[in-house]
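If you read the protein sequences in the order shown, they are chains A and B. Following this note's numbering, the numbering of the first sequence begins with 224 at its first residue and continues without gaps. Following this note's numbering, the numbering of the second sequence begins with 224 at its first residue and continues without gaps.
Honestly, the hints are just simulated from the structure, not real lab data. Heads up, some of the hints might be wrong.
Copies of one chain are not kept apart here, so a pair can be met inside one copy or by any two copies together.
Here are the simulated lysine to aspartate or glutamate pairs, DMTMM-like style, with alpha carbons at most 25 Å apart [claimed, not checked]:
id, residue 1, residue 2
1, 248, 340
2, 280, 415
3, 390, 425
4, 280, 412
5, 276, 362
6, 278, 259
7, 278, 425
8, 391, 412
9, 391, 270
10, 248, 363
11, 276, 363
12, 248, 358
13, 390, 363
14, 391, 428
15, 248, 415
16, 278, 387
17, 260, 290
18, 260, 351
19, 280, 292
20, 278, 367
21, 260, 410
22, 391, 320
23, 390, 428
Protein chains: 2
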Amino acid sequence: MTVRLSASLEHLIEALAELPGLGPKSAQRAAFHLLDKDAARLARLSEAVTEAKTKLKRCRSCRTYCEGDVCPVCADERRDRGLLCVVESVPDQMALDASLAWPGLYFILSGRLSPMEDRGPEEVGLTDLIARVEEGLREDNLREVVVATSYTPEGDATAYYVIEALKKRAPDLRVTRLARGLPSGIEIEYTDLSTLAGAVYDRREP
Amino acid sequence: MTVRLSASLEHLIEALAELPGLGPKSAQRAAFHLLDKDAARLARLSEAVTEAKTKLKRCRSCRTYCEGDVCPVCADERRDRGLLCVVESVPDQMALDASLAWPGLYFILSGRLSPMEDRGPEEVGLTDLIARVEEGLREDNLREVVVATSYTPEGDATAYYVIEALKKRAPDLRVTRLARGLPSGIEIEYTDLSTLAGAVYDRREP
């Protein structure tokens, strides 16, 4: 007979293993870490999960998670409501906003298009985006939508689909993507060929 | 008394230590490696250095090292002679050309401006570049110069200086820089803030 874990411990490990970045092994280690320390720790995690589930809703405007109807970013009067940046995730939004370069609002898709994972336009929230853009055109003089996906195959495919959908609904709206090109601080000699080609094709006035 | 290396061995180590990437220790290791193997190896290195010194000249047009008056790239009839790309070094030229995105010719500066290392406009070859551009305007309908330096403080400073000099001599010539922005294959979430800011400022039509 080999050691068998109790069912509830297995459930905990399985639940932790579903977190991105935790494989079966590290989920097991995390589970024992939680159990070993003290009961209070497990209770806090449980309460935090329950509280999050109860209190957090989707922001009516950008779809981030927040406790009110509208998140603090969308409610911020100092932001330019005529500019909308479409991102794939909250971490992407946080990174872009930390750059201090975007003065407008955001819309957060539920990830990227992925036929492999059965995530189509509806699943990533394209219908909500169209509704949000139509509202923006009606109420906020929306004048530009930046589709801020990465220059990866999935990011390109998602951008393509989103841009086509926007062009169909709002042909006069300016729709852009982030610049592709040389990243800051990297020497040309050590840059990959695809990035160099993009930087040449999109060369610009200084 | 400690072990002393003979003078000629020390000269060899010193010569090798001046190669980029070789510190004193690794130069010493390289020296013994050359000596240990066989005399032919040392002779070959010596001959190769002498041969390079004798045969290689600067290309009259782009200033790369080549055996004739004009290098194969500048002599290539299929390249668009109306486009000139200014790079800091031959490795930069090789990287850009390998991307297959640049259909024109090149001009190779001798590195970047560096007040710390006493490398000013004259040292990096600005006078030669101006002469090359004026020749291009006269003889090849030169229509665009891309200043292909990196988005680093030194690359920016060099680009600024070169662009100012070109604008002064040829105000109607189109002068551009490489695009700055998101590199290929990198997720937004993991991109540095300065690159993200550049990608937002230079966002473009898809």
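Hints, one by one, checked against the model:
Within a single copy, residue 248 and residue 340 get their C-alpha atoms as close as 24 Å, which meets the 25 Å cut-off; across copies the closest is 53 Å, which misses it. In the homo-oligomer, the alpha carbons of residue 280 and residue 415 never lie at most 25 Å apart, since the shortest distance is 41 Å inside one protomer and 30 Å across protomers. With identical chains, the CA atoms of residue 390 and residue 425 are at most 25 Å apart both within one copy (22 Å) and between copies (21 Å). Taking CA atoms no more than 25 Å apart as the test, residue 280 paired with residue 412 passes between copies only; the shortest distance there is 23 Å, against 47 Å inside one copy.
For a Cα distance limit of 25 Å, the shortest separation of residue 276 from residue 362 qualifies neither inside one copy, at 32 Å, nor across copies, at 72 Å. For the identical chains of this complex, residue 278 and residue 259 are neighbours neither inside a copy (29 Å) nor across copies (73 Å), given an alpha-carbon limit of 25 Å. With identical chains, the CA atoms of residue 278 and residue 425 are never at most 25 Å apart, being 45 Å at best within one copy and 39 Å at best between copies. In this assembly of identical chains, the alpha carbons of residue 391 and residue 412 never lie at most 25 Å apart, being 41 Å within a copy and 29 Å across copies at closest.
Taking identical chains as interchangeable, the C-alpha atoms of residue 391 and residue 270 are never at most 25 Å apart, the minima being 46 Å within one chain and 68 Å between chains. Proximity of residue 248 and residue 363 under a CA criterion of 25 Å is satisfied in neither setting, with 50 Å inside one chain copy and 66 Å between copies. Proximity of residue 276 to residue 363 under the C-alpha cut-off of 25 Å is found in neither arrangement, the shortest distances being 32 Å within a copy and 68 Å between copies. With identical chains, the CA atoms of residue 248 and residue 358 are never at most 25 Å apart, being 47 Å at best within one copy and 67 Å at best between copies.
Within a single copy, residue 390 and residue 363 get their C-alpha atoms as close as 18 Å, which meets the 25 Å cut-off; across copies the closest is 41 Å, which misses it. Taking the shortest alpha-carbon separations for residue 391 and residue 428, only the inter-copy value of 16 Å comes in at or below 25 Å, while the best intra-copy value is 31 Å. Taking the shortest Cα distances, residue 248 and residue 415 never come within 25 Å of each other, neither inside one copy (35 Å) nor across copies (31 Å). Proximity of residue 278 to residue 387 under the C-alpha cut-off of 25 Å is found in neither arrangement, the shortest distances being 36 Å within a copy and 57 Å between copies.
For a Cα distance limit of 25 Å, the shortest separation of residue 260 from residue 290 qualifies neither inside one copy, at 31 Å, nor across copies, at 72 Å. Taking the shortest Cα distances, residue 260 and residue 351 never come within 25 Å of each other, neither inside one copy (44 Å) nor across copies (71 Å). Taking CA atoms no more than 25 Å apart as the test, residue 280 paired with residue 292 passes inside one copy only; the shortest distance there is 7 Å, against 71 Å between copies. Taking the shortest alpha-carbon separations for residue 278 and residue 367, neither the intra-copy value of 33 Å nor the inter-copy value of 58 Å comes in at or below 25 Å.
In this assembly of identical chains, the alpha carbons of residue 260 and residue 410 never lie at most 25 Å apart, being 47 Å within a copy and 36 Å across copies at closest. Proximity of residue 391 to residue 320 under the C-alpha cut-off of 25 Å is found in neither arrangement, the shortest distances being 28 Å within a copy and 38 Å between copies. Taking the shortest Cα distances, residue 390 and residue 428 sit within 25 Å of each other only across copies (12 Å), while inside one copy they are farther apart (27 Å).
Figure legend: structure checked against the earlier numbered hints; hints not met, in rising order: 2, 5, 6, 7, 8, 9, 10, 11, 12, 15, 16, 17, 18, 20, 21 and 22.
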